[in-house]
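Undergrad: If you want the building blocks of each chain, they are given just below.
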Amino acid sequence: MKTSLFAAVLMVFALAGCGRPFKAATPTGFVDLGDKYADDEYRATTADGMVLGVRAFKNEPKGELDFWVKVIENRMRDTSGYALLGTKEAKDRAGNVGKTLRFGHDESGVPHLYYLTVFVNDDHVFLLEAGGSKDLVEKHEEQIAWSISNFLPN
Amino acid sequence: MSRWILWVTWAVWTLAVLGCASAKMPEAPPMADGRYAATEAMPGSGLAEEYMTDGLAMGMAVPTSTAAASGSPMSPPAPNAQAGTGSTQASTDTQRPPMLVYTASMNLAVFQVAEASKQVETMTREAGGFLARRDDHQIVVRVPAAKFDDMMKRIEKLGDVLHRNVSAEDVTEQYMDMEVRLKNARAVRDRLQQLLEKATKVEESLAIEKELTRVGTEIETLEGKLKYLRDRVSFSTITVTFQAKQSDTVKPSVRIPVDWLNQLGLGRLLSL
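So the protein sequences, as listed, match chains H and R.
Residue numbers for the first sequence follow our numbering, so the first one is 1 and each next one is one higher.
Residue numbers for the second sequence follow our numbering, so the first one is 1 and each next one is one higher.
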């Protein structure tokens with residue numbers, strides 16, 4: 001009896017430790033690619049190639065939202081050659097404040113847009129990505145905004 | 001005959017002496033903003049042509065408040081652009097703000113060069129300016145001097161500024177010098193015309209007409225130069241050179257040793 005109780009407790013802890021540390025929201029027109037990716041990653045796509053992604057990383061070294069936003073902005077602009085087109089405050093479903101960075105970049109001569117939304121809590125840095133050709137991203141602006149405002153960290 | 005030649009010689013001498021003296025005129029005191037805004041109320045296109053056709057009577061541009069209050073597209077004629085008295089001219093000269101020619105060049109790293117170039121042109125037209133030249137990577141625009149600062153700020157927002165150069169050339173003395181020379185040349189022309197009317201001999205008439213032609217040419221040259229200067233003062237020139245922002249390094253930065261930062265970007269996201 002004691003053994004099975006212990007096993008059950010272990011199972012609960014194991015299950016609690018598994019899975020994504022967030023709940024991603026899949027907007028209309030997108031398909032959740034689910035189990036094809038690691039536990040800390042979410043991907044969804046439209047049929048024509050507009051992709052959404054969410055990833056969670058440990059908040060190490062521990063930093064505030066502003067720190068990570070600046071680090072990411074510098075990395076994208078200075079090293080990766082992305083053009084920062086604008087920044088905007090974002091809020092998830094729980095009311096946590098984050099920031100969306102809008103980048104532009106040419107891929108094989110075709111202008112693309114890449115949106116990176118950052119949320120930070122004590123344990124994790126959450127990155128919500130949205131990217132595709134400029135036309136596609138502009139066409140799906142509403143869905144992108146919806147997926148951000150309905151994102152929920154665990 | 002000799003009396004007429006003496007008259008002509010006197011006229012030429014007067015012109016030369018007054019012309020030289022004008023170069024020593026005092027410089028006008030600077031105004032607080034140092035800008036000319038007579039072109040503020042000008043229509044949005046074909047500005048330079050309209051401005052130029054106004055001719056010599058226009059004189060210098062006036063500060064913003066005057067132009068706005070009068071609602072006139074051009075400043076009123078400057079008294080010393082005509083044959084005025086010395087005291088009137090001196091008083092006007094000391095009140096004149098400096099005539100500054102603003103020129104700027106900017107190197108900009110942008111996401112889409114063609115679109116950024118188009119945006120600069122649109123902003124220029126909105127500001128009442130016009131396109132001077134454009135190629136694949138560069139655009140040269142002329143904007144009303146009063147909108148110069150505003151335009152620079154708006155252009156800077158289109159991308160990362162890699163290099164910026166702004167200069168202001170003071171052409172006040174040059175302008176005043178030419179204005180006085182023009183006034184004197186006109187006075188000489190008027191006097192020569194009076195002499196021509198009184199001439200009784202063919203030789204006298206021929207000599208005076210020859211001098212009239214020379215003075216006329218000088219007047220036209222001076223008028224052209226004054227128009228050119230006014231245009232340069234009224235419209236600032238901004239040259240924007242675009243650089244496509246691909247993998248260029250804009251500025252050095254500290255690299256935080258976090259692996260996942262290297263996994264950002266469209267390449268990874270779009271590889272499903």
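Worth flagging that the hints you see were computed from the coordinates, not collected in a lab.
A virtual CB, placed ideally from N, CA and C, is assigned to each residue, including glycine.
Just so you know, not all the hints are guaranteed correct.
Stated by the list, open to error - Coverage of chain H stretches by chain R, computed from C-beta distances (three or more under 8 Å per stretch; other residues unrestricted):
no.: 1; region: 26-34
no.: 2; region: 39-50
no.: 3; region: 85-94
no.: 4; region: 108-122
no.: 5; region: 142-152
Undergrad: Take the hints in turn and mark each one as holding or not.
TA: Here's how the hints hold up against the structure:
no. : hint    : in the structure
1   : 26-34   : violated (count 1)
2   : 39-50   : holds (count 3)
3   : 85-94   : violated (count 1)
4   : 108-122 : holds (count 4)
5   : 142-152 : violated (count 0)
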